[in-house]
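From first to last, the protein sequence lines are chains C and L. Just so you know, the first sequence maps onto residues 1 to 493 in the working numbering. Just so you know, the second sequence maps onto residues 1 to 496 in the working numbering.
Calculated from the structure, these hints are not laboratory results. Watch out, some of these pointers could steer you wrong.
[As the list claims (entries may be wrong)] Derived DSBU-like pairs: lysine-lysine, alpha-carbon spacing no greater than 30 Å straight-line:
hint, chain 1, residue 1, chain 2, residue 2
1, L, LYS458, C, LYS105
2, L, LYS458, C, LYS22
3, C, LYS367, C, LYS99
4, C, LYS367, C, LYS451
5, C, LYS99, C, LYS23
6, L, LYS101, L, LYS26
7, L, LYS439, C, LYS23
8, C, LYS54, C, LYS64
9, L, LYS101, L, LYS367
10, L, LYS458, L, LYS110
11, L, LYS439, L, LYS367
12, L, LYS26, C, LYS23
13, C, LYS301, C, LYS105
14, C, LYS301, C, LYS367
15, C, LYS301, C, LYS451
16, C, LYS71, C, LYS54
17, L, LYS28, L, LYS101
18, C, LYS22, L, LYS28
19, L, LYS439, L, LYS101
20, C, LYS23, L, LYS451
21, C, LYS105, C, LYS23
22, L, LYS110, L, LYS26
23, L, LYS458, L, LYS26
24, C, LYS99, C, LYS451
25, C, LYS22, L, LYS26
26, C, LYS301, L, LYS439
27, C, LYS105, L, LYS451
28, L, LYS458, L, LYS367
29, C, LYS105, C, LYS367
30, C, LYS105, L, LYS439
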Amino acid sequence: MEHMLLLSVFFPILAGIVLLLKKEYQTRDRLLVFVGAALVITGALACYAIFAVKDGVTLFYLTKTLPIYFKLDLMGRYFSLIVTIVWILAGFFSFTYMKHERNEKRYFGFYLIVFGVLLGLDFAGNLITMYLFYELMTLLSMPLVLHTQTRESIMAGLRYLFFSFAGAYMALAGVYFICRFGTTIEFTAGGVIEAAVLQENRTLFLIVTMLMLIGFGVKAGMFPLHAWLPTAHPVAPGPASAVLSGIIVKAGVLALVRVVYQLIGVEFLRGSWVQTVWMTLTLVTIFMGSLLAFREPVLKKRLAYSTVSQLSYILFGLSVMQPEAMTGALLHVSAHAFIKVALFLCAAAMIYQTGCTRVEELKGIGKGMPVMLWCYTIVSLGLIGIPPTSGFISKWSLAVGSLASNIPVFSWLGPVVLLVSALLTAGYLLPLTMQGFFPGEEYDASRFAGKEPSYGMLIPLLAFAALTVLIGLVPNGLTNQLFTFAAQVMQSI
Amino acid sequence: MEIIRNFPCLSILLAMFSAIISSALKGKGARRLNTFVVSAVGALSACTLYLTYTTGESYVYVMGHFPAPFGNEIRFGSLEAGMALFFCVIMLFSLNGGRDKIRLEIDPGKENLYYIMVDLLLSSLLVLVYTNDLFTAYVFVEINTIAACGLIMIMESGRAIEAATRYMIMSLLGSGLFLIGLCMLYDMTGHLLMSYIQASVRDIAAEGLYVIPLLVTIALIVVGLAIKSALFPFHAWLPDAYGYSTVSSAAMLSSLVSKGYIFLLIKIIYRVIGFDIFVQSRIINVLFVFGLAGMIMGSTSAIRENDIRRMISYSSVAQIGYIYMGFGLGSSVGMVASVFHILSHAATKSLLFVSGVGLTDVADDNKQFIELTGAAYRNVCAGLAFTVGSLSMVGIPLFSGFISKLLFSQAAVQSQMKMLPALIVLAISTILNTIYFMKTVIRIYTPIRSKYASVSIKENPLYAFTLLCFIVLNIVLGMCSQPITDWITQGLSVFA
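With the hints as constraints, model all of the structure from the sequences given.
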């Protein structure tokens with residue numbers, strides 16, 4: 001039963017390795033059948049694991065006190081469900097998109113491997129397992145960034161690697177301390193270090209926590225170590241940028257949830273300088289990311305900057321350390337994942353069909369690709385936070401939670417920054433819609449005529465748009481679950 | 001069971017006699033004899049390890065007719081036996097991995113000389129591991145140095161000879177200091193057998209006599225061995241010696257010769273001076289600081305290097321720094337971490353040297369990075385092995401390097417004073433490691449339409465098999481570290 005956890009982690013990894021080692025396929029169809037089957041089977045395994053498996057399972061012992069251990073709690077289930085949905089849909093999108101890229105076999109091989117690694121990361125039941133899969137994820141997603149192997153992509157890949165490793169080692173310092181002082185390294189609501197020990201070494205632990213925040217924050221594009229993200233994400237092939245920007249960055253969020261709420265414990269951090277610094281950093285990032293996105297003319301880069309900003313919405317919600325705000329943050333994880341993947345896939349479809357990368361070149365695109373642009377518009381509205389979309393629910397909870405937290409200055413500064421940033425979001429996303437549908441009377445949009453993408457691309461887009469609206473319409477089930485989780489880790493039921 | 005007690009002595013004699021016999025053999029015969037001897041010694045050491053690990057005791061074996069405190073002794077516990085086994089394994093792999101190169105680069109008439117040197121190196125390493133007599137240790141330190149010089153020089157190119165000369169001078173300086181320290185120790189205690197020296201040293205320390213001479217002695221011995229094992233700032237000989245010798249020599253020098261001296265130092269710390277007296281002396285802080293400096297300086301030099309072999313060599317300086325940093329922590333946990341790192345570094349560094357040569361081979365022996373672009377596609381197994389080695393050096397979980405870093409940091413967080421510097425330098429050094437190793441990995445995986453021919457696995461199955469063994473060794477160290485640390489802990493507990 002609990003071996004399903006292991007199976008769903010290792011099946012895609014093995015499938016990916018087999019694919020990488022195999023000879024080149026005779027026809028493209030055979031490759032796609034293999035990849036499609038692997039994706040679907042993994043999806044089924046993962047869903048079974050997510051919904052049916054209760055117990056944990058130890059794979060082996062790294063050292064006597066450090067087991068590689070998988071166990072699903074609500075957070076793990078939530079994140080892995082998002083990963084599964086996005087990975088399968090974006091995978092099917094790639095089937096069409098990758099026609100115009102080379103080295104498809106390698107791309108799909110690593111795509112499958114990263115799927116398994118991400119599931120492993122989400123299923124991880126203790127700190128060391130999470131760290132292991134975190135590092136593996138960084139390394140194995142490198143080939144996706146490097147795929148085109150131009151000079152630009154290699155430089156971006158190197159940058160990605162250095163930032164990630166620098167972050168990971170900052171975090172590793174924290175791992176040592178938690179292994180040393182914690183009663184266990186399994187994720188436990190409220191923390192694993194005894195309050196007396198924490199108080200005794202207060203300064204030390206605050207510094208360590210700060211290091212871990214910045215370290216894991218690298219992956220989530222948090223200021224000051226965010227500079228890799230806008231260079232690394234856009235150079236990958238379209239669907240790969242989508243999952244990098246929509247899913248892989250969430251690993252940083254998951255790690256921070258684990259560290260702050262399930263290892264260090266929120267009681268200890270609330271009201272400390274660490275919280276203040278963290279909140280400041282996230283607000284700076286939100287504002288800066290939106291502003292940079294606003295000024296960026298290349299669509300994919302614009303979306304990458306937008307990721308920087310949106311990720312910090314989530315981190316801000318976590319840094320407030322208030323159940324309602326945390327619920328909002330967690331809701332924004334799924335909202336942003338679906339929306340950002342959809343946006344990147346739209347950008348990919350536009351590049352695939354027209355070859356245009358800059359926003360002003362895409363004027364009038366709605367004449368030729370109306371369905372795609374409608375999807376783009378719906379998810380954009382979601383990202384701005386207009387009801388009835390998922391983004392509205394999450395931002396609402398974020399603002400309410402922040403106001404209810406009673407932290408001086410930040411409790412109202414947060415919502416203000418969120419609002420300003422929402423305006424900027426509208427400012428950088430909607431011009432494409434407006435100019436796309438209404439290029440003006442005399443503008444000649446005939447070059448886009450009949451460019452509507454095929455169903456292979458449209459169906460995933462439609463699915464993401466539908467998900468965005470659906471969560472916005474019936475959020476209660478999810479919200480309640482997440483709120484229970486948030487309340488439980490903050491021990492204020 | 002009784003007979004196993006003779007095995008350490010037997011393996012030393014086996015290695016020495018094979019060196020003598022090899023001088024009468026042709027190259028091929030010497031090579032076969034050497035392979036046989038290394039495997040045989042490995043098997044003997046494995047038996048010894050089995051005996052000592054199951055009983056958990058250490059045994060004394062009297063050499064010759066004079067009983068202690070005058071005669072010569074061998075003493076072995078599980079740590080010694082395991083170390084001997086490990087050295088044999090690495091030596092076998094390193095020689096197999098560089099077999100083709102030895103054939104190509106060495107004058108055919110002198111091939112047997114090479115294997116004589118290797119046999120001598122093995123015997124001297126075994127003595128350094130097993131002996132309980134300080135003067136015997138000194139004698140074999142010299143034999144080790146001469147054998148190592150021979151291994152460097154055998155290429156007979158100008159740079160190799162220059163490197164060997166440099167190595168000779170620095171090494172002799174090191175052994176000179178060691179000898180002076182030894183003489184002073186003999187003067188103060190009147191003994192040469194390690195256990196007896198320790199008893200006297202304890203008395204001296206308890207009575208408060210010879211405070212400064214004792215300190216100077218410790219300093220001389222430590223510095224002498226530090227020079228020989230290339231601790232920063234005494235590492236100037238290292239990059240040339242490793243960079244311009246044949247690949248098997250480089251692999252053995254970095255993973256065996258320097259480790260042999262470090263093992264001798266551990267032995268002196270535990271068995272001659274006594275761990276607590278060593279910790280009380282301030283030398284330990286000096287080692288700590290030098291270790292930290294080495295971790296950073298080695299890596300920065302490696303980053304600046306434009307020659308892959310020399311880059312790997314400089315990385316050794318950093319790794320030796322790690323080991324001395326572990327000594328400097330002054331706790332038994334730190335010592336366990338250092339011993340583990342000896343294993344981990346030996347396994348990784350020889351892997352890197354051997355796989356590095358596979359990469360330079362498909363670039364017409366050009367060691368410059370620019371020529372190595374895309375080399376991993378031309379020699380697939382070497383590329384893969386180099387990547388594994390790099391990941392281990394960088395400290396990715398599942399590989400051996402991660403476990404050493406974990407052990408070092410666990411040791412570091414137990415020390416109040418040294419925790420922060422150790423952790424900070426560990427982090428910086430790891431990032432520096434990442435820079436140069438990942439730069440290389442990306443370079444060799446960057447595809448390019450190249451003028452050089454590719455090599456398939458089938459052309460050299462032995463080489464591919466050796467690399468596979470190295471990779472497996474690395475992953476075993478990384479994934480099953482608990483039994484190994486248990487063994488080290490047990491070995492150290494019966495070591496003194």
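Now for the hints, and whether the structure bears them out:
1. L:LYS458 with C:LYS105: Holds: L:LYS458 and C:LYS105 sit about 24 Å apart, inside 30 Å.
2. L:LYS458 with C:LYS22: It holds: about 18 Å lies between the C-alpha atoms, which stays within 30 Å.
3. C:LYS367 with C:LYS99: Within the cut-off at roughly 25 Å; holds.
4. C:LYS367 with C:LYS451: holds, 9 Å
5. C:LYS99 with C:LYS23: Holds, because 19 Å separates the two Cα atoms, which is no more than 30 Å.
6. L:LYS101 with L:LYS26: Holds - the C-alpha atoms of L:LYS26 and L:LYS101 are around 18 Å apart, at most 30 Å.
7. L:LYS439 with C:LYS23: Measuring from Cα to Cα gives roughly 28 Å; hence the hint holds.
8. C:LYS54 with C:LYS64: holds, 24 Å
9. L:LYS101 with L:LYS367: Roughly 15 Å separates the two Cα atoms, so the pair holds.
10. L:LYS458 with L:LYS110: At roughly 29 Å apart (the allowed maximum being 30 Å), L:LYS110 and L:LYS458 satisfy the hint.
11. L:LYS439 with L:LYS367: Judged against 30 Å, a Cα distance of about 15 Å means the pair holds.
12. L:LYS26 with C:LYS23: This hinted pair is violated, its Cα atoms lying about 45 Å apart.
13. C:LYS301 with C:LYS105: holds, 26 Å
14. C:LYS301 with C:LYS367: Holds, at roughly 24 Å.
15. C:LYS301 with C:LYS451: holds, 23 Å
16. C:LYS71 with C:LYS54: holds, 8 Å
17. L:LYS28 with L:LYS101: The hint holds at about 14 Å.
18. C:LYS22 with L:LYS28: Judged against 30 Å, a Cα distance of about 40 Å means the pair is violated.
19. L:LYS439 with L:LYS101: holds, 26 Å
20. C:LYS23 with L:LYS451: holds, 24 Å
21. C:LYS105 with C:LYS23: holds, 9 Å
22. L:LYS110 with L:LYS26: holds, 9 Å
23. L:LYS458 with L:LYS26: holds, 28 Å
24. C:LYS99 with C:LYS451: OK: C:LYS99 and C:LYS451 at ~16 Å, within 30 Å.
25. C:LYS22 with L:LYS26: Violated - the C-alpha atoms of L:LYS26 and C:LYS22 are around 45 Å apart, more than 30 Å.
26. C:LYS301 with L:LYS439: Roughly 25 Å separates the two Cα atoms, so the pair holds.
27. C:LYS105 with L:LYS451: holds, 26 Å
28. L:LYS458 with L:LYS367: At roughly 24 Å apart (the allowed maximum being 30 Å), L:LYS367 and L:LYS458 satisfy the hint.
29. C:LYS105 with C:LYS367: violated, 35 Å
30. C:LYS105 with L:LYS439: holds, 25 Å
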